[in-house]
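Build the full structure now, drawing on both the sequences and the hints.
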Amino acid sequence: DAGITQSPRHKVTETGTPVTLRCHQTENHRYMYWYRQDPGHGLRLIHYSYGVKDTDKGEVSDGYSVSRSKTEDFLLTLESATSSQTSVYFCAISGTGLSGYTFGSGTRLTVV
Amino acid sequence: GQQVMQIPQYQHVQEGEDFTTYCNSSTTLSNIQWYKQRPGGHPVFLIQLVKSGEVKKQKRLTFQFGEAKKNSSLHITATQTTDVGTYFCADNYGGSQGNLIFGKGTKLSVKP
Chain A
37 DAGITQSPRH
47 KVTETGTPVT
57 LRCHQTENHR
67 YMYWYRQDPG
77 HGLRLIHYSY
87 GVKDTDKGEV
97 SDGYSVSRSK
107 TEDFLLTLES
117 ATSSQTSVYF
127 CAISGTGLSG
137 YTFGSGTRLT
147 VV
Chain B
256 GQQVMQIPQY
266 QHVQEGEDFT
276 TYCNSSTTLS
286 NIQWYKQRPG
296 GHPVFLIQLV
306 KSGEVKKQKR
316 LTFQFGEAKK
326 NSSLHITATQ
336 TTDVGTYFCA
346 DNYGGSQGNL
356 IFGKGTKLSV
366 KP
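These protein sequence lines are chains A and B, in that order. Per my numbering, residue 37 is the first one in the first sequence, and the count goes up by one each step. Per my numbering, residue 256 is the first one in the second sequence, and the count goes up by one each step.
One thing to keep in mind: the hints can contain errors.
Reference listing, derived: stretches of chain A covered by chain B, where coverage requires no fewer than 3 residues with Cβ under 8 Å from a Cβ of chain B [stated by the list, open to error]:
| id | stretch |
| --- | --- |
| 1 | 74–88 |
| 2 | 138–148 |
Non-contacting residues of chain A with respect to chain B, defined by C-beta distances greater than 12 Å in every case (computed) [as the list claims (entries may be wrong)]:
| id | residue |
| --- | --- |
| 3 | S43 |
| 4 | T51 |
| 5 | T53 |
| 6 | H60 |
| 7 | T62 |
| 8 | N64 |
| 9 | D98 |
| 10 | Y100 |
| 11 | S101 |
| 12 | S105 |
| 13 | K106 |
| 14 | A128 |
| 15 | L134 |
No lab work stands behind these hints: they were computed from the structure. Glycine included, every Cβ here is placed at the ideal spot set by N, Cα and C.
Structure representation (structure tokens):
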């Protein structure tokens, strides 16, 4: 959807290396979220942000950290990638938290 | 924690047949949102239901929220090949901060 972009779209990395995924929005929305999507598990919340420098953990936050230094950017970092973190990662934004989310196109991450 | 159960996991229909997916919870749902994800795509917001017993329609799609707010359903009348994809329900348990918890989705395939 217009207004939210994720980068990179695809990435292959080695076990133990750090990886950072970027989510960029032009909608000036307050809320931003990182989800991972795996077969059999659906979409699970990793971390979310409710403002600049305001973040909190989601359901599957172990092994991940986030940062939000500007309204438009929300970064997801895998400090030391593991094979279990191979997944499709989606960023989402929401204006009020009570409205529907707009998702980015996703990042397919493979950890070998 | 909060869990949202979605059934069936898969549904195969002939074009023109109807389709229904159900979303259930053992606890009271807050607000239900419905999303569609096309193969290889990202989730796209369809609708949000807030009130007990609420019914909303979008062309051939009918969304219902149960009287006790413990279940919801999406019904598609006369399916078309463009309806192919995975349909997710999500409970907005986080209130004003969002935090959707997703069901695992129902994957719909339509045979022309």
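Do the hints match the structure? See the list:
1. 74–88: That given contact holds, which follows from 8 residues of the stretch 74–88 of chain A lying within Cβ reach (below 8 Å) of chain B.
2. 138–148: holds (count 5)
3. S43: Given a closest Cβ separation of 14 Å, the condition holds.
4. T51: With a cut-off of 12 Å, A/T51 remains clear of chain B, as the shortest Cβ separation is near 26 Å.
5. T53: holds, 26 Å
6. H60: holds, 15 Å
7. T62: holds, 17 Å
8. N64: holds, 16 Å
9. D98: holds, 15 Å
10. Y100: With a cut-off of 12 Å, A/Y100 remains clear of chain B, as the shortest Cβ separation is near 16 Å.
11. S101: holds, 18 Å
12. S105: Check passes; 20 Å lies beyond 12 Å.
13. K106: holds, 19 Å
14. A128: violated, 8 Å
15. L134: violated, 6 Å
Hints 14, 15, counting from the list given before, are not met by this structure.
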